[in-house]
Amino acid sequence: MADMTIAGEFFRGIVKDNPVFALVLGLCPTLAVTTSVENAIGMAGATLFVLVGSNVMVSALRKQIPPITRIPMFIIIICTFVTIIDMAMEAYTPPLYEALGIFIPLIVVNCIIIGRAEAYANRNTIKFSVVDALGIGAGFFVALVAIGAIRELLGTGEIVLFGLKLISIPIEPATFMILPGGAFMTIGVLMAMVNYNKIRKARKGA
Amino acid sequence: MEDSLFSIAVNGIFVQNFLLVQFLGLCSFVGVSKETKSAAGMSAAVLFVMIIASIASFLIYTYLLLPMGLTFLTTISFIIVIAFLVQLVEFIIRKFSPPLYRSLGIFLPLITTNCAILGVVILNTRLEYGFVQSVFYGISAGLGYTMVMLLMAAIREKSNAIKVPEAVEGLPHAFFITTLLSMAFVSYFQVIPT
Chain A
1 MADMTIAGEF FRGIVKDNPV FALVLGLCPT LAVTTSVENA IGMAGATLFV LVGSNVMVSA
61 LRKQIPPITR IPMFIIIICT FVTIIDMAME AYTPPLYEAL GIFIPLIVVN CIIIGRAEAY
121 ANRNTIKFSV VDALGIGAGF FVALVAIGAI RELLGTGEIV LFGLKLISIP IEPATFMILP
181 GGAFMTIGVL MAMVNYNKIR KARKGA
Chain B
1 MEDSLFSIAV NGIFVQNFLL VQFLGLCSFV GVSKETKSAA GMSAAVLFVM IIASIASFLI
61 YTYLLLPMGL TFLTTISFII VIAFLVQLVE FIIRKFSPPL YRSLGIFLPL ITTNCAILGV
121 VILNTRLEYG FVQSVFYGIS AGLGYTMVML LMAAIREKSN AIKVPEAVEG LPHAFFITTL
181 LSMAFVSYFQ VIPT
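Going line by line, the protein sequences match chains A and B. Okay, so the first sequence: first residue is 1 according to this note's numbering, each after it adds one. Okay, so the second sequence: first residue is 1 according to this note's numbering, each after it adds one.
Here chain B stands alone, though its shape is the one from the complex (with noise of 0.2 Å):
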């Protein structure tokens, strides 16, 4: 409740680290995380539709959800409102920006069944945090993700020229070297002051 910006941010990015930690939005990370290009675009996309996530669902679950006494309908409102929200950003950038749509356009779709941007607002409405901290969370968590995509992609295109045994190959080997930034995540963030 009383939790300060500062140690929003901190573990937004780093200590609770979406994809690391928390093991959100996993699915496009081991699939989209093959080339820098791609994961860039998909992470800006994320972060993108986060903070807007963010936003409405702070206003609908204040506004609408919680004097209605319609709590109940949190998940699935949550649910359409992002779908909604993708949606529109689509247009919007189709509309407005063709060179940014053809880069992110094909992730967008994606992003509506990406469990980081459910788990955000989620969490949001369940640590209780007021606007401001809200939105701050939505960034920050946005900006975690991307730069551990940023990261994994880097090293999965530099560790293409190792190698390893047939069976290792692909998937497991991602997952090893997500073991090892994991480790980092978990072992050295912690020592921040939140």
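Bound-form chain A, shown alone (with noise of 0.2 Å):
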């Protein structure tokens, strides 16, 4: 593994390895909480928080875990970080840690933490895992943000961000966006779009 490059990990995390449309891991916070963008920001922020920590970790105990019980000792490392995080947005952002609910405890077992701590962090030096939590969160971040923006556009007509509007449309609000329904559309039609492009590019290609 000669030719990593930082660079070239990082955008591997955005892009080719984009944990929600390449991936389809961690759907789950992914269509819950991105109802806006300030809680996409707040779901995305936390699960950096936990990826970058538990990375670092596995990596720079890697040589000491055995084999046989990486997964429970994995699963206890990001449970600390989830529980830094837990008390952490409880005592300095309420507001955010009400709106996001049990969706925090539940980074636990969001399957791109533990999927990384295994398939990568395990395997490589700490400084790669470091790049690559943070281009795998950056992936994540961008793919809350495009879902919650979309939603919160079409559902209530503006996007509010931290107390400020960012942009308005004239339409009357579609309130289905904001319901179950509207996450699962979003994700199905960005995930087409990604799926046409693909293909596109392999025919072009081939």
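Calculated directly from the structure, the hints in this document are not laboratory data. Treat the hints with care, as some may be off.
Cut-off 25 Å, straight-line C-alpha distance, at most; resulting in silico cross-link-like pairs (SDA-like, lysine to any residue) [to be verified]:
no., chain 1, residue 1, chain 2, residue 2
1, B, 34, A, 196
2, A, 201, B, 158
3, A, 16, B, 31
4, B, 163, A, 203
5, A, 63, A, 80
6, A, 201, B, 166
7, B, 37, A, 25
8, B, 158, A, 195
9, B, 34, A, 188
10, A, 201, B, 37
11, A, 198, B, 165
12, A, 127, A, 14
13, A, 204, B, 52
14, A, 16, B, 167
One side of the interface only, derived from the structure: several residues of chain B facing chain A at Cβ under 10 Å [to be verified]:
no., residue
15, 20
16, 31
17, 56
18, 78
19, 80
20, 82
21, 85
22, 89
23, 115
24, 165
25, 167
26, 169
27, 174
28, 176
The structure displayed is predicted, hence computed values, not measured ones. For each residue, glycine too, the CB sits at the ideal point set by N, CA and C.
Relying on the hints, combine the two individually framed chains into one complex.
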């Protein structure tokens, strides 16, 4: 693995290995908290913190963790960081904590994090593990904010970010987009677009 | 706190359905709903572990974590308990019922990371349910999960015959079916008195 570059590893997480659209991991928080851009940013931030923390720890301890007990070890490491962010958010950002609710403790069972620990951090140096965590975290961030922006814009007619109105369009708000059905539809449409793009590229290459 | 058992059941199965309304357990939902047989196996395993996890987590939370002031360990202790229970259930089933093990076996390890299970036990503590209520909520959530899994698997099996554009095949198609199912759950079941 001599040809790994830091930039390459970082952008791989956003485009080629995008956790939501390419790997289809971590669907539950992706759909549940994207009723607004603000919630999406909060969730992606919390996940990024846990991802970086667990990747660093797993990578640092990868020679000490016996292979047979690695999964429970990973879960305990991840759980430690989840508890940290859970308590920090409860103390410093109570409204966001209320809005995200049960999905903050549920970061523990987010397949993205344990997947990266198992597939990447367990085999690579700390430096590249951090870059990988940042890249995957950024990919998750992009996906969440995209879904959140679409749902908030169509569902309420405007995007409000930390009290600032970013954009508003003169439409009748479609409450459907805020309801769970809207989440499934948005991700379905986005995935179909990603697939379409992939198929077109493959045809061009062939 | 004072929710009646009937309202807990209706909430768990229909109004707050885990898959379609609360978005819990979606990974397994899109993963194993391709055929009815594996969907049924997964649902049975989830229902089973959900009930045991509700019981175990209630006992641990009430008699261990609360009196000792260790509530900050809630998440970590619950996930360990669930992982332990899943292992235990796997051993027991393998020992006593090999046929059941062959049909459920491959799904059991996946359950540890199924957010529906951890979701049930965390919701139980957040809603401050008592013992009977916790167990009841576990059962209803599991039944709701089972129902939607079977519905979805049946629809997906039948919809194999439909010709869709190449880009929509597979997951996007599954998500569109889920959209319709979810709309039905959100719109129709809200009229049930709770």
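Okay, the hints, checked on the actual structure:
1. B:34 to A:196: holds, 22 Å
2. A:201 to B:158: violated, 31 Å
3. A:16 to B:31: holds, 21 Å
4. B:163 to A:203: holds, 20 Å
5. A:63 to A:80: holds, 20 Å
6. A:201 to B:166: holds, 14 Å
7. B:37 to A:25: Distance of about 23 Å is within 25 Å: holds.
8. B:158 to A:195: Distance ~23 Å between residue 158 (chain B) and residue 195 (chain A) Cα, so the pair holds.
9. B:34 to A:188: Between residue 34 (chain B) and residue 188 (chain A) the Cα gap is close to 17 Å, so the pair holds against 25 Å.
10. A:201 to B:37: With a Cα-Cα distance of about 36 Å, the restraint between residue 201 (chain A) and residue 37 (chain B) is violated, given a limit of 25 Å.
11. A:198 to B:165: holds, 14 Å
12. A:127 to A:14: holds, 18 Å
13. A:204 to B:52: violated, 53 Å
14. A:16 to B:167: holds, 17 Å
15. 20: holds, 6 Å
16. 31: holds, 9 Å
17. 56: violated, 17 Å
18. 78: Constraint on residue 78 (chain B) satisfied, holds at 8 Å.
19. 80: holds, 8 Å
20. 82: holds, 9 Å
21. 85: violated, 13 Å
22. 89: violated, 16 Å
23. 115: Holds, because the Cβ-Cβ distance from residue 115 (chain B) to chain A comes to roughly 5 Å (cut-off 10 Å).
24. 165: holds, 8 Å
25. 167: holds, 4 Å
26. 169: Because about 8 Å separates residue 169 (chain B) from the closest Cβ in chain A, which is inside the 10 Å limit, the hint holds.
27. 174: Residue 174 (chain B) check passes; min Cβ-Cβ to chain A is 8 Å, inside 10 Å.
28. 176: With a minimum Cβ separation of about 5 Å from chain A (threshold 10 Å), the hint on residue 176 (chain B) holds.
The structure fails hints 2, 10, 13, 17, 21, 22 (numbered hints given earlier, in ascending order).
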